[in-house]
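So the protein sequences, as listed, match chains C, H, V, W, R, U, F, X, B and D. Position one of the first sequence corresponds to residue 1 (the UniProt record's numbering), numbered consecutively onward. Position one of the second sequence corresponds to residue 1 (the UniProt record's numbering), numbered consecutively onward. Position one of the third sequence corresponds to residue 1 (the UniProt record's numbering), numbered consecutively onward. Position one of the fourth sequence corresponds to residue 1 (the UniProt record's numbering), numbered consecutively onward. Position one of the fifth sequence corresponds to residue 1 (the UniProt record's numbering), numbered consecutively onward. Position one of the sixth sequence corresponds to residue 1 (the UniProt record's numbering), numbered consecutively onward. Position one of the seventh sequence corresponds to residue 1 (the UniProt record's numbering), numbered consecutively onward. Position one of the eighth sequence corresponds to residue 1 (the UniProt record's numbering), numbered consecutively onward. Position one of the ninth sequence corresponds to residue 1 (the UniProt record's numbering), numbered consecutively onward. Position one of the tenth sequence corresponds to residue 1 (the UniProt record's numbering), numbered consecutively onward.
I should point out that these hints are in silico values taken from the structure, not numbers from a laboratory. Note that the structure is predicted; figures quoted are calculated from it, not measured. You may find that some hints are simply not true.
What the hints assert, rightly or not - Once the Cα atoms are required to be at most 25 Å apart in a straight line, the calculated SDA-like pairs of lysine to any residue come out as:
(1) X/4 / B/77
(2) C/107 / H/144
(3) V/4 / C/147
(4) V/129 / W/110
(5) U/4 / D/75
(6) B/4 / U/106
(7) B/107 / D/58
(8) B/4 / R/76
(9) W/14 / C/73
(10) F/107 / X/123
Stated by the list, open to error - Some residues of chain F that are not near chain C, with every Cβ distance over 10 Å (derived):
(11) 9
(12) 19
(13) 21
(14) 58
We treat Cβ as the ideally placed atom computed from N, Cα and C, and that holds for glycine.
Here is how the chains run, residue by residue.
There are 10 protein chains.
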Amino acid sequence: MMTKSDVTAMIYEKKRAGGLTWAAIAADIGMSEVFVTSACLGMNSLPKDKAEALAANLGLPPEAATVLAEYPTKSFDRTVPTDPCIYRFYEIVGVYGQTLKELIQEKGGDGIMSAIDFDMSVDRLPNPKGDRIEVRMSGKLLAYSAW
Amino acid sequence: MMTKSDVTAMIYEKKRAGGLTWAAIAADIGMSEVFVTSACLGMNSLPKDKAEALAANLGLPPEAATVLAEYPTKSFDRTVPTDPCIYRFYEIVGVYGQTLKELIQEKGGDGIMSAIDFDMSVDRLPNPKGDRIEVRMSGKLLAYSAW
Amino acid sequence: MMTKSDVTAMIYEKKRAGGLTWAAIAADIGMSEVFVTSACLGMNSLPKDKAEALAANLGLPPEAATVLAEYPTKSFDRTVPTDPCIYRFYEIVGVYGQTLKELIQEKGGDGIMSAIDFDMSVDRLPNPKGDRIEVRMSGKLLAYSAW
Amino acid sequence: MMTKSDVTAMIYEKKRAGGLTWAAIAADIGMSEVFVTSACLGMNSLPKDKAEALAANLGLPPEAATVLAEYPTKSFDRTVPTDPCIYRFYEIVGVYGQTLKELIQEKGGDGIMSAIDFDMSVDRLPNPKGDRIEVRMSGKLLAYSAW
Amino acid sequence: MMTKSDVTAMIYEKKRAGGLTWAAIAADIGMSEVFVTSACLGMNSLPKDKAEALAANLGLPPEAATVLAEYPTKSFDRTVPTDPCIYRFYEIVGVYGQTLKELIQEKGGDGIMSAIDFDMSVDRLPNPKGDRIEVRMSGKLLAYSAW
Amino acid sequence: MMTKSDVTAMIYEKKRAGGLTWAAIAADIGMSEVFVTSACLGMNSLPKDKAEALAANLGLPPEAATVLAEYPTKSFDRTVPTDPCIYRFYEIVGVYGQTLKELIQEKGGDGIMSAIDFDMSVDRLPNPKGDRIEVRMSGKLLAYSAW
Amino acid sequence: MMTKSDVTAMIYEKKRAGGLTWAAIAADIGMSEVFVTSACLGMNSLPKDKAEALAANLGLPPEAATVLAEYPTKSFDRTVPTDPCIYRFYEIVGVYGQTLKELIQEKGGDGIMSAIDFDMSVDRLPNPKGDRIEVRMSGKLLAYSAW
Amino acid sequence: MMTKSDVTAMIYEKKRAGGLTWAAIAADIGMSEVFVTSACLGMNSLPKDKAEALAANLGLPPEAATVLAEYPTKSFDRTVPTDPCIYRFYEIVGVYGQTLKELIQEKGGDGIMSAIDFDMSVDRLPNPKGDRIEVRMSGKLLAYSAW
Amino acid sequence: MMTKSDVTAMIYEKKRAGGLTWAAIAADIGMSEVFVTSACLGMNSLPKDKAEALAANLGLPPEAATVLAEYPTKSFDRTVPTDPCIYRFYEIVGVYGQTLKELIQEKGGDGIMSAIDFDMSVDRLPNPKGDRIEVRMSGKLLAYSAW
Amino acid sequence: MMTKSDVTAMIYEKKRAGGLTWAAIAADIGMSEVFVTSACLGMNSLPKDKAEALAANLGLPPEAATVLAEYPTKSFDRTVPTDPCIYRFYEIVGVYGQTLKELIQEKGGDGIMSAIDFDMSVDRLPNPKGDRIEVRMSGKLLAYSAW
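The shape of chain C in the complex, shown without the other chains (with noise of 0.2 Å):
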């Protein structure tokens, strides 16, 4: 049975066999870079119709886009992740975390920024003194239910 990491993996051949980039694979179905690439890397599930045309745009087989609207089962592999790039980001929560928590909870009261109802995006901004890598996340602010 085709999983997600099959289609991954037949991503990644497509992408490299044609010299694509997620920015026009995701162009190409009208969605978000984002949300694509996380989609084809098995973290997302594509509406229907979008696992549809990305199939088609790669020439994937049709199974391949039935698994990519399937729901999946997000896993992550390592508890600290070691890739530098991604440790980064980790970092980032270890030493912000109860600063974020103080913020979002002085703005919007006892509750917490959703990782569900999300958008994120990463955009590269050109800078005199090097450039920089700008992400924002946006989630939507959830209150703590009282009763």
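Fit chains H, V, W, R, U, F, X, B and D to the known structure of chain C by using the hints.
Using the frame of chain C, we list chains H, V, W, R, U, F, X, B and D on its own:
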């Protein structure tokens, strides 16, 4: 010897007693609320003059200013954070970590977003479907050396 | 500075000395016993007026009401709980976790049950083969964004 | 030798190909959807006749019925689950674990809720503020021996 | 507030000062030595009258009886015990765990031996090749529900 | 090269196909069911003649007898077992570990119960309030050297 | 799809068969031996032309050059390395970590040594008391932002 | 009894009060700043005369000299360091560990670089593109025995 | 109540103040230095008369003798030791563990070397190429039961 | 490409088929049984001529000799070993680790016993109270540098 956690406790006490906000504490010394909060929590060092201003504003003893300006050893207790408000960010790094890496490297070549030459903001955005929290992170794009 | 765990200790002391129950403590402020117990244990914040009522009812100092209304940093000590009564719930999550996910998603699409917009009850149900404990959890269905 | 995970894979394949639901698979053998799903995922054993009925309904080979009726060794991979839908239940156990214990023991004396003489349901409840997921767990009250 | 570990310390002190044995402490209140020792170590609750008798026998303050009768939160520090006398039992569970499961289920169907409706004894058996320790554990056979 | 886990798989297959019990497999070679089960699971070595008898009785190839008689490297996968039937024994060690130590040392001086010069039995005892499982462990009392 | 670990295996095979050294492999493409070795082990990406030269020199298939130039996900298996040659460096970081921090910050202000804009060399230095290994690490001094 | 961490605290206090640097403290006793800093942090033992000189220079009580000359038990708290300045070195060991091993063994045969017969320096090197930190480690080449 | 770690601290204090050696402390009570050191560190119990002699020799209070003769709960803090002198032994067990097992079982049948009926010595052996430390461990050969 | 674990498997197969002992395999190439066993298990490298002799003696293919002479990456799987025969050594390190350190440093100054310039033997010593296993470890005394 007065430590960073002693000073954090003093600040929390003044903040509770005076009904203060991080926003106000930060504005009073002309710095951002994320940075000032993190420094008050012992995760960053304030510039000397800012530390003195903050200590004066809150009525802390002079040694507290020295301590706020000292370079901290950043230490976070749990490998996986337990507070839901902080955990959600850990989860985002787990679920979207490889996606962040793919896009940073697609846009910037083999490298990372710095967590040192870095700044961050937290805002509450009004939204008819429920207000949202927006976290914006910006870090310098650092390229891996080849030698 | 008085902390949440100081207040928890005061409440346990009053409870032991007065032979009180959580049910009575909660009923006296007109809230559910699950929520009030969790707030007394430092895992939730009481609304201001409820905190004041609870402090008054138990004869706690006024600062205790302030503390009960503050937003807690939820912290649990052991990755795998050791007390058998708590462990059994951990085991249920381990054994039935994927089942819960399959059914929540079959009924609600790709998403989760919120643990924030959430309430819970615990009841003892008489049963001729031996009484049973019924735990009912209710959380808002949150759908993953696609963007 | 055919294993429980072989059978789980067969069932997923039949389910995808036939567009089946867990609700239908369970109803067809006259058992609850939580229990049948967990048995299909290898976490519980079906009674012999139910196993045979399920295998026949799905067109599985006869050995699959034998396997579905065998007693499983329940094994869950990660100490802290990573999928958000499952993690939220882990978080609830962490945040409310001591509360559950306090109330179970207040209502039932020194003891626990059984996770063996246990049943559970998952329902979607319509709600004008957004539908809710209700999980109901029921386990026999077991008293600690004193001897 | 007096805690279970305070009472354990008092009991150890009385035991050292009086040259007492667990066997004698248990016999004096007419209960088994395993159960009484575990209650003195804070891992079980004594029935009210037994707690009072034990406190009186050892000359502990009355609050100690209250504490001994309270329901404990069982907590053990290390995932893998380090003391050799305790480790050997951990090792037995590791080496023979699957064997215990196979035989319990062969004799009793899909289910477990209860650790709650449970009792245990420890004896020294004279043996010409060297005396032996015999540990006998007895727990109610609990069958998994199917529903 | 045939390994212990290959032989375990063969035995499980013969056992399923023939509807055999561990009790019968053990009785046929005149050894206890605990020991024989553990040896079939790769956790103990059978005496040469017993290994040959078992292989012959089950119709295993001759090399299987060699493998059953080889000394195993005992390996158990998870620090904390997840199967409920096995976990309960882990929990008993956690809750009663210090109690076991106190009583073994009270009866036998500074030392331990051996897990090597060791035997164990598992029985189902009829009981009007519900049958019980009795596990009896017996190990040589080993005294710590002083030198 | 050819992976970095496939290419590493090819290189090890060529290296064994040809009796090659890392020094020679690196010299042949005009880069340092530390960087080239790390790239061959899948921990860094070679510039396109260097990857092609290396593949040609070793007789690897053209796809190997593509793979050597792709950006790696750096992954290291064990939290604490077990090989003694690698462990000693881990130990140095543990023993001297705080010392390194004190001195880097004394010389450079609040900041760190970059591990990205970074290079390293390994040399054997003749010494009458026994030759020495000298490892020289050089990273850009990065200052923490304040904002 | 005065401990190494007591002495470390005294030194930090003197250093803060006197505005001292590690460079000056080390120079005053004629030893390297890395070694002296590590000894002040309790990770190495100073020669007797150096310990006495350092204690005299800083105005520490005589027992502090005794403590500084005692052999430390090196203990580091976290398996993975959290402070970014220290973590980067951990990351370097993770990313380049196998590379270090390949090159040390290529240059020196089967063996390691000693972390005991070892010295280290930390320098800031001016650089037009941004100053750099250079860490130089030197350890005796130790060959594995064969016997 | 005086504990083993209180007594260890007293002994360290006497040892520092009197410039004593473990060799002398052990010789004065006619036992080996390994065993006496381990007992002073709280890892073994001294025979009553030896405990009294040691307490008298060092000028400890009488209760210290009682404590030294009590049976310790052996507890070691870190799963992987950090001090290099101790770590090397951990490493030897890791690297040579399977080798030790192969040879013990080749020489003694299926069984182990006891760590309870056990003694050990540590010596410095002069050697022209550099003195050596020799550690000799001796434990009773224990055969696994078969039953 | 043939790996060390391939060669280990070949040697185990030859050893089982030929009824060989490690003692004989080692004697045939004139080296110690500890060292040869560890090299056959992939934890040490044999000198070239010894590797060739061993391969010839056992009838292994020539590439096996190359592999036996290659420098291994020593890797051990579990932080805490599970096999009882190996665990006992881990336990000895835990229980006696600080004792070993105290005595090595009392005899040799601040330093360690090398695990690299190291040799070991394992012997069975006849003893009327039960034979004993004696393990003798010898490592060069390495003094910490001060610089």
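Each hint tested on the structure:
1. X/4 / B/77: Roughly 19 Å between the alpha carbons, so the hint for residue 4 of chain X and residue 77 of chain B holds.
2. C/107 / H/144: Roughly 38 Å between the alpha carbons, so the hint for residue 107 of chain C and residue 144 of chain H is violated.
3. V/4 / C/147: Roughly 20 Å separates the two Cα atoms, so the pair holds.
4. V/129 / W/110: Holds, because 19 Å separates the two Cα atoms, which is no more than 25 Å.
5. U/4 / D/75: holds, 22 Å
6. B/4 / U/106: Within the cut-off at roughly 18 Å; holds.
7. B/107 / D/58: holds, 21 Å
8. B/4 / R/76: Cα-Cα ~20 Å, so holds.
9. W/14 / C/73: OK: residue 14 of chain W and residue 73 of chain C at ~19 Å, within 25 Å.
10. F/107 / X/123: Roughly 8 Å separates the two Cα atoms, so the pair holds.
11. 9: Fine: 18 Å to the nearest Cβ keeps residue 9 of chain F off the interface.
12. 19: Its Cβ never comes within 10 Å of chain C, the nearest being 33 Å, so this holds.
13. 21: At about 28 Å from chain C, residue 21 of chain F clears the 10 Å cut-off, so the statement holds.
14. 58: Label holds. Min Cβ-Cβ 21 Å, cutoff 10 Å.
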